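There are 2 protein chains.
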Amino acid sequence: MKRHPVTIKDIARQLNVSVATVSRALRGLPDIHPDTRQAVLTLAQEWDYQPNQLATSLVKSRTRTIGIIAPNLGYYFFSTAVHGIEEVAYAAGYSVLLTQSKESYQRELTNLQDLARGQVDGLIVSISRETSDYEHFTKLQRRGVPLVLFDRDCEALDVSKVLIDNHAAAYEATDHLLTNGCRRVALLAGPAYLSLTSQRRRGYLDALAAHGLPADESLVAYGDYSQTNAVELTHRLMSLPNPPDGLLALSDRIAVGALIALKERGVRLPDEVALVGFNNEPLNALLTPSLTSVAQPAEEIGREAARLLIAQLESPQPVPPVVLILPTYLVVRESSQKTVSVGLRA
Amino acid sequence: MKRHPVTIKDIARQLNVSVATVSRALRGLPDIHPDTRQAVLTLAQEWDYQPNQLATSLVKSRTRTIGIIAPNLGYYFFSTAVHGIEEVAYAAGYSVLLTQSKESYQRELTNLQDLARGQVDGLIVSISRETSDYEHFTKLQRRGVPLVLFDRDCEALDVSKVLIDNHAAAYEATDHLLTNGCRRVALLAGPAYLSLTSQRRRGYLDALAAHGLPADESLVAYGDYSQTNAVELTHRLMSLPNPPDGLLALSDRIAVGALIALKERGVRLPDEVALVGFNNEPLNALLTPSLTSVAQPAEEIGREAARLLIAQLESPQPVPPVVLILPTYLVVRESSQKTVSVGLRA
DNA sequence: GTGAAAGCGCTAACAG
DNA sequence: CTGTTAGCGCTTTCAC
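Residue numbers (the working numbering), protein chains in the order written: chain X, 1 to 346; chain H, 1 to 346.
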């Protein structure tokens, strides 16, 4: 038997008042008799009345809900960023709807459409790695749905963004390796076509140049971000006639792959080869050796993204896009400090 | 300027047909002239029409959406289980709304209410550790909203559940340690009041008994699941006049804490102390020594939970609750195999 | 084949 | 202070 949920109509009928009165009482509007209000409130409580959010949203044409599409909530960076988003959103009276694309373009598309069918007022998204067609986002904009990007950028999209300075991050990491005595630093990258890859690659190259070292294209290895692929790439690099003595991995997962490969070869870390990763996953501290990594202010990135979106949602006029670049910082651990240790930038 | 989204009304007006016709055409219902349908479809495409999900849900009083409340999506177990849920849900034509309670009763409550206000047809939840009052769930049931629990049980709730056999899991892990040469196995547990704790504790005790070993209450340490707390507890256990030579940690995080404490004390793993964790987080394979752990079929748990919920949603009559107990299995790694290794259960 | 009308549950003028 | 009316965008009889 399916009993229907109690509505304001039920309450109105029972109390011999109009639905408008019930609605007013429930929402605490002024201009209502204390007794009436009390009666309504009491009955609502007793019957466990729950306002139907769908109906309210429909008439108000806003949901006070923001949607998130993240590539993978299992990654520390994203689960932390989401935490930041939720913090700001809840404080501002918004609910948050989470989805994950699992780095799949198809799922990103599906999630986007699901969310954009009136379920949310705006979206915060980090684009899947697989995505190269951005029409779903431009369509969204044309429909006037506010959008904020974080972490993963798309230059073609003229929207607010919260990003990090990839060039500077890679520069700092490379400089750290060189300052710590590396002479040949290799780059373990993701796919070459990602803008993130090319930005970090430039930072890496510029740091080499600043140290008066030549760029050696054979030391730049592009991969697919998987751990197994990273193992392979590392073996290949180490088999070079002139192998590297330092590795900059563009994600911690890649770094773990490198670590495994180096152990397989019996290479001593950090003395023979120093290693730096990206993202500062908590597990880095637990590895042997513990892994130096570029940290991003994940929670703050999330908070800023939420602030930007909410500002747009609450502004009567259109808000021009803002691009925030947040600073990264290097968390130095064992994997990058050669025994004859010299201080950072010493 | 806020242009309103295009509605069937707009299309109807433009085409000089009624909204009913447009609605039919869009949904591919029969009894409509092919030309009319074509015209509608073409215009909808051109104008990028998106059906308003809120309106549809309101009239149908179902959303084809299922809500999830998980304690923390950053944990491998939950992000994997959610993946399983999504797989089944999408295949059945449902969308999935994710929320995380972050182990907070308050947030669990808020999430529940948000979701239950008409946004979802049913819920799949894993109860927060902090939750000891279950009225929000019983209320939900009384309102006829289908609910399925997974991983974290609440015996007071008479709903479908997908769980593991905690007793058997702890028994197997303890037996493994004893079979591998441990004589004094300690238990690093969570809070004593959790049913999960007491079930696993029983499994642990029964395994001891099966090996003819006495139960020693001083070897059972209750904690709060945090890593720092686990470090402390381990130090305390190891300072005992008669310290343990085997540790069963009821989560991998606790196990990591134990690992840290043991390293601080210079205790050799696994020879002096063997260690087994729970949940089989991927990082376990990367620790030194790599960590033996009780694995749960996370994805399958998610899939089963989704199947149970969807079965309820699609059944005309009420469905009696089903409790599924899925098997766990021990993933043996270095941390539990003493040098004088004997085979598992040999 | 198609349209008119009613209604999902709620809010928002506008009267009184 | 309270009720009436209209309507959010869509589906669903029931006529024609």
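Keep in mind the hints are simulated off the structure, nothing from the lab. Note that this is a predicted model, so its numbers are computed, not measured. Careful: at least some of the hints might be erroneous.
Which stretches of chain X does chain H cover? Using the computed rule of at least three CB atoms under 8 Å from a CB of chain H, they are [what the hints assert, rightly or not]:
(1) 67-76
(2) 138-146
(3) 186-194
(4) 272-278
Cβ coordinates follow ideal geometry from the N, Cα and C atoms, glycine included.
Hints, verified against the model:
For the stretch 67-76 of chain X, the stated coverage by chain H is satisfied: 4 residues place a CB nearer than 8 Å to a CB of that chain, which reaches the threshold of 3. With 4 residues bearing a CB less than 8 Å from a CB of chain H, the stretch 138-146 of chain X meets the requirement of three and the coverage assertion stands. Given as covered by chain H, the stretch 186-194 of chain X fails the check, having 0 residues with a CB less than 8 Å from a CB of that chain where 3 are the minimum. Check result for the stretch 272-278 of chain X against chain H: violated, 0 residues qualifying (beta carbon to beta carbon below 8 Å, three or more required).
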